[in-house]
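Q: Okay, so the sequence shown: first residue is 921 according to our numbering, each after it adds one.
Think of the hints as simulated: they come from the structure by calculation, not from any bench. A portion of the hints provided could be inaccurate.
Calculated pairs, DSSO-like style, for lysine-lysine (alpha carbon to alpha carbon, straight line, at most 30 Å) [said to hold, decoys possible]: (1) 1006 - 962; (2) 962 - 984; (3) 984 - 1028; (4) 962 - 1028; (5) 1006 - 1028; (6) 984 - 1006; (7) 1028 - 995; (8) 995 - 984.
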Amino acid sequence: VQLVESGGGLVQAGGSLRLSCAASGSTSRINTMAWYRQAPGKQRELVAGITSGGGRTNYADSVKGRFTISRDNAKNTMYLQMNILKPEDTAVYYCSAVINNGVNYWGKGTLVTVSS
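Please model the entire structure based on the sequences and the hints provided.
A: Right under this line is the structure:
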């Protein structure tokens, strides 16, 4: 499974961005997917996760009400709609996919910078 993130960039505080994660390869084996982020000098943290059919989602408390995770299995793509962005949302955002045997795949990340 290969994962490629896109959609990052520079945005002012209060603005919005939509990240995409395109999956290729053995996409039929993908189960849950998630977005993680890692800010400079900090550990990677879970931002949001979504089940295989998209029926269940979970969010970090810091992004609840501002971010929305979704996936389109027909397009093998996962999204993260980020609204009301804050400077503390600045990080490299990574796409994660867990396949049926429990192996976790990662993308290379996309940088989101929120200016104050």
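Q: If a hint holds in the structure, say so; if it does not, say that too.
A: Here's how the hints hold up against the structure:
1. 1006 - 962: holds (17 Å)
2. 962 - 984: This hinted pair holds, its Cα atoms lying about 20 Å apart.
3. 984 - 1028: This hinted pair holds, its Cα atoms lying about 24 Å apart.
4. 962 - 1028: This hinted pair holds, its Cα atoms lying about 17 Å apart.
5. 1006 - 1028: holds (23 Å)
6. 984 - 1006: Distance of about 13 Å is within 30 Å: holds.
7. 1028 - 995: holds (20 Å)
8. 995 - 984: holds (26 Å)
Checked against the numbered hints above, the structure breaks none of them.
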